[in-house]
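Protein chains: 2
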Amino acid sequence: MVSIAVMGHGVVGSGVVQILLTHKQKLFSVIGEEIYVKKVLDLREFPDSPISDRFTKDFEDIINDLEIRVVAEVMGGIHPAYEYTKRCLKAGKSVVTSNKELVAAHGAELLEIARQENVNYLFEASVGGGIPIIRPMNQCLVANNVDEVAGILNGTTNFILTKMIEDGMQFEDALRLAQELGFAERDPSADIEGHDACRKICILASLAFGKHVYPDCVHTEGITKITLEDVKYAEKFGCVIKLIGRVKKLDNGKIDIITAPMLVPEKSQLANIDNEFNGIMVRGDCTGDVVFYGKGAGKLPTASAVCADIVDCCMHLKTRRFLFWADGDGSNIISVKDSVFKMYVRANGSGAVAKAEKIFGKIKSIEDGKRVAFITESMPLCEFEEKCEKLTGEGIEILSTIRLGDL
Amino acid sequence: MVSIAVMGHGVVGSGVVQILLTHKQKLFSVIGEEIYVKKVLDLREFPDSPISDRFTKDFEDIINDLEIRVVAEVMGGIHPAYEYTKRCLKAGKSVVTSNKELVAAHGAELLEIARQENVNYLFEASVGGGIPIIRPMNQCLVANNVDEVAGILNGTTNFILTKMIEDGMQFEDALRLAQELGFAERDPSADIEGHDACRKICILASLAFGKHVYPDCVHTEGITKITLEDVKYAEKFGCVIKLIGRVKKLDNGKIDIITAPMLVPEKSQLANIDNEFNGIMVRGDCTGDVVFYGKGAGKLPTASAVCADIVDCCMHLKTRRFLFWADGDGSNIISVKDSVFKMYVRANGSGAVAKAEKIFGKIKSIEDGKRVAFITESMPLCEFEEKCEKLTGEGIEILSTIRLGDL
Numbered sequence: 001m002v003s004i005a006v007m008g009h010g011v012v013g014s015g016v017v018q019i020l021l022t023h024k025q026k027l028f029s030v031i032g033e034e035i036y037v038k039k040v041l042d043l044r045e046f047p048d049s050p051i052s053d054r055f056t057k058d059f060e061d062i063i064n065d066l067e068i069r070v071v072a073e074v075m076g077g078i079h080p081a082y083e084y085t086k087r088c089l090k091a092g093k094s095v096v097t098s099n100k101e102l103v104a105a106h107g108a109e110l111l112e113i114a115r116q117e118n119v120n121y122l123f124e125a126s127v128g129g130g131i132p133i134i135r136p137m138n139q140c141l142v143a144n145n146v147d148e149v150a151g152i153l154n155g156t157t158n159f160i161l162t163k164m165i166e167d168g169m170q171f172e173d174a175l176r177l178a179q180e181l182g183f184a185e186r187d188p189s190a191d192i193e194g195h196d197a198c199r200k201i202c203i204l205a206s207l208a209f210g211k212h213v214y215p216d217c218v219h220t221e222g223i224t225k226i227t228l229e230d231v232k233y234a235e236k237f238g239c240v241i242k243l244i245g246r247v248k249k250l251d252n253g254k255i256d257i258i259t260a261p262m263l264v265p266e267k268s269q270l271a272n273i274d275n276e277f278n279g280i281m282v283r284g285d286c287t288g289d290v291v292f293y294g295k296g297a298g299k300l301p302t303a304s305a306v307c308a309d310i311v312d313c314c315m316h317l318k319t320r321r322f323l324f325w326a327d328g329d330g331s332n333i334i335s336v337k338d339s340v341f342k343m344y345v346r347a348n349g350s351g352a353v354a355k356a357e358k359i360f361g362k363i364k365s366i367e368d369g370k371r372v373a374f375i376t377e378s379m380p381l382c383e384f385e386e387k388c389e390k391l392t393g394e395g396i397e398i399l400s401t402i403r404l405g406d407l
Numbered sequence: 001m002v003s004i005a006v007m008g009h010g011v012v013g014s015g016v017v018q019i020l021l022t023h024k025q026k027l028f029s030v031i032g033e034e035i036y037v038k039k040v041l042d043l044r045e046f047p048d049s050p051i052s053d054r055f056t057k058d059f060e061d062i063i064n065d066l067e068i069r070v071v072a073e074v075m076g077g078i079h080p081a082y083e084y085t086k087r088c089l090k091a092g093k094s095v096v097t098s099n100k101e102l103v104a105a106h107g108a109e110l111l112e113i114a115r116q117e118n119v120n121y122l123f124e125a126s127v128g129g130g131i132p133i134i135r136p137m138n139q140c141l142v143a144n145n146v147d148e149v150a151g152i153l154n155g156t157t158n159f160i161l162t163k164m165i166e167d168g169m170q171f172e173d174a175l176r177l178a179q180e181l182g183f184a185e186r187d188p189s190a191d192i193e194g195h196d197a198c199r200k201i202c203i204l205a206s207l208a209f210g211k212h213v214y215p216d217c218v219h220t221e222g223i224t225k226i227t228l229e230d231v232k233y234a235e236k237f238g239c240v241i242k243l244i245g246r247v248k249k250l251d252n253g254k255i256d257i258i259t260a261p262m263l264v265p266e267k268s269q270l271a272n273i274d275n276e277f278n279g280i281m282v283r284g285d286c287t288g289d290v291v292f293y294g295k296g297a298g299k300l301p302t303a304s305a306v307c308a309d310i311v312d313c314c315m316h317l318k319t320r321r322f323l324f325w326a327d328g329d330g331s332n333i334i335s336v337k338d339s340v341f342k343m344y345v346r347a348n349g350s351g352a353v354a355k356a357e358k359i360f361g362k363i364k365s366i367e368d369g370k371r372v373a374f375i376t377e378s379m380p381l382c383e384f385e386e387k388c389e390k391l392t393g394e395g396i397e398i399l400s401t402i403r404l405g406d407l
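Line by line, the protein sequences give chains A and E. So the first sequence is numbered by my numbering: it starts at 1 and just counts up by one. So the second sequence is numbered by my numbering: it starts at 1 and just counts up by one.
Isolated chain A (complex conformation) (with noise of 0.2 Å):
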């Protein structure tokens, strides 16, 4: 029997609770051994518990006791899941979470304690929810050097802009049907604004480049901006705006690393990958393109993934998984301004076309009279900067800018 402790019982912590009652069985098949929950620990009561009785709202219930080897910290939020975190893998304890904040956040330092310790700090749930994306990063892609990685991370915005692309509703109204079907919360700006997304490539830029990216070294743009006329012509142009956040190596060794809209080819596997779905896409030297999907949140599938990292560690608990990256202060990172794409640009102005054929160079547009969107050639954001004020100062009003990813 291994006994384990599961910190907050929210909905991902109700979820593990209830997946290790109802597949007991078939885990114990597989570890040789029961997993048993033996405290829970959240400050409300759950009196309809199977498992009430073993409720504690002490933190110290759980570090004291020595029979818990293993702790699911499903608390979300950096305090107090961080400090709890430290102390658990001080005491010789493996944690598995699902918390991407706070994986993001001090990733480093606490894989490094874990290291030290000799037990196993694991989070296939923290991207991708349900969806294994950690372990086979870190496990089967392992003889890979990883060239880039992109992704759909974030299922709200996916779906708020899915119903935009497919029922032409306006942003507010598809955040609203978001709202109350439950894909997001009351207070929705980690989702629409990026931040979400940008913690979860940050988690997978750091394993899969070796280093550290802490989020505010990343750039990072929202959906709130994106309107159903960029929709219409994304579609004109072949593609769909999606939300993705995306690591690239470059050939000078440093990585590239943003969170932003993108207008993606219809024929990208990220293209199809709509409502509140998640899809990643990992380009290995040696496997090229693999992709994976699935849901990317939700109680059962972000649930079952703490319970494989659970049970990853019961069978390890004198062994370590390898699943390391050092710190990082953010050098191996190239300034977004030097950041490389096309670009979309749409714009308001007598000779738009013209005028933008004369300073961008060569441009796929399409004209409406004088509304006009075109795609420039790649270039770096400084260039396309310096360009886009050289048209305003033509006279032409630029309306939205949107980069076209080329996954």
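Rather than coming from a laboratory, the hints here were simulated on the basis of the structure. Some hints could be false.
[What the hints assert, rightly or not] Straight-line Cα separation of at most 27 Å, DSS-like style, residue types lysine-lysine; simulated pairs:
1. Lys248/E x Lys24/A
2. Lys236/E x Lys249/A
3. Lys236/E x Lys267/A
4. Lys318/A x Lys318/E
5. Lys267/A x Lys232/E
6. Lys248/A x Lys364/A
[To be verified] Facing chain A, a subset of chain E residues (Cβ under 7 Å, in silico):
7. Ile19
8. His23
9. Ile131
10. Gly288
11. Val290
12. Ala308
13. Gly369
14. Cys382
Note that beta-carbon positions come from the ideal geometry of N, C-alpha and C, so glycine has one too.
Model the placement of chain E on the given structure of chain A, informed by the hints.
The following block gives chain E in isolation, referenced to the frame of chain A:
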């Protein structure tokens, strides 16, 4: 240093040696030890190989070398791979393989020997080439009961079907093109008759449901009878034709497993998997649908999966990875006659639609003079065949029938 041997220096085997040499530093950083290719078994000579001095034509050189702890069997075929694998496992060496034919034919026995000898027998590369699938199913989805697995598991046939769908090529022309491009063997029968896809769905079914499924227990149809007319009717029904390996758990605890061409609705994630790519959908009771996509074959993709298994073995020289299924006698598999599908029928004759409606009940039909195509409601194959006989008795010629895969 961990010494390993590679048996077979063909496409995959030479790729394994290449990756182990070119990615030496990366793999060292993961394992903390060097992987040393001590012997390569092949009857041919490779004087240009950078490790030409380590080739041997004698298997005894490998089996008798106590330093060799891990053996990659990438010979293909059943004999002598089966005998060699058994002897290696019994000698306490872990074995990894890309040999789907061997795993499908003798997996249960070899896994049992590995268990007894406390070594590992891993085969990530046997399904989906470089696409992570065995390990994700076995580890990441461990807290799920799998309800269904369905996939495009053979790149050759998918390439041929894509050319028929997108370019209107005839089957024979598409096959010839596949051979010219190296996607199809000179003798393409294992691919186009569905045997290769069948072996792979057998491996996935064995893994998902814990009992070995032997290929000769599985109804298998290839794509040689698919015509351009069927492809065009499928499109009119909003579908594409794909060769699908599928296994599904039924309420009575038995499984329904089949390899056959199917009409796949265009909105399905599997419908967009084109050309030589593979895609595998796993439906878990917690995660819902998860899809894995990538190159299902090829030298480096497949070799990189073999190398990932080598790394896993090197990190688990003294412990076992849990990967196991028991032997099976086919008693858990329902007869193909009881397998339930909606069916697509292409037919010819006066009043075909009215006659079909009388016999099949509700159908969706497309009429074009005497030529007609229709899709029935769901029914077991035995019922469908009876009804087809009745339709033939009414003077209607049935030209083709294909299952509808509601994936």
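Against the structure, the hints come out as follows:
1. Our distance criterion of 27 Å between C-alpha atoms is met by Lys248/E and Lys24/A, whose separation comes to about 22 Å.
2. Simply put, Lys236/E and Lys249/A have alpha-carbon atoms about 43 Å apart, too far for the 27 Å limit, and the pair is violated.
3. With a C-alpha separation of about 21 Å, the suggested pair Lys236/E and Lys267/A falls inside the 27 Å cut-off, and the hint holds.
4. With a CA separation close to 12 Å, the supplied pair Lys318/A and Lys318/E stays within the 27 Å bound.
5. Restraint check for Lys267/A and Lys232/E: satisfied, since their Cα atoms lie roughly 21 Å apart, inside the 27 Å limit.
6. At roughly 25 Å between alpha-carbon atoms, Lys248/A and Lys364/A fall within 27 Å of each other, so this suggested pair holds.
7. With a cut of 7 Å, the hint placing Ile19/E at the interface with chain A holds, because the nearest CB-to-CB distance is about 5 Å.
8. With a least beta-carbon distance of about 6 Å to chain A, the hint placing His23/E at the interface is held under the 7 Å criterion.
9. A least Cβ separation of about 6 Å between Ile131/E and chain A falls short of the 7 Å threshold, and the interface hint therefore holds.
10. Interface hint at Gly288/E: satisfied, since its Cβ lies 5 Å from the closest Cβ of chain A, which is below the 7 Å cut-off.
11. For Val290/E, the interface hint holds, the least distance from its beta-carbon to any beta-carbon of chain A being 4 Å, beneath 7 Å.
12. A cut of 7 Å between beta carbons decides the hint on Ala308/E: the least distance to chain A is about 5 Å, and the hint holds.
13. Evaluation of the Gly369/E hint against chain A yields a violated restraint, the C-beta minimum of about 35 Å exceeding 7 Å.
14. The restraint placing Cys382/E at the interface with chain A is violated, with a minimum CB-CB distance near 33 Å, outside the 7 Å limit.
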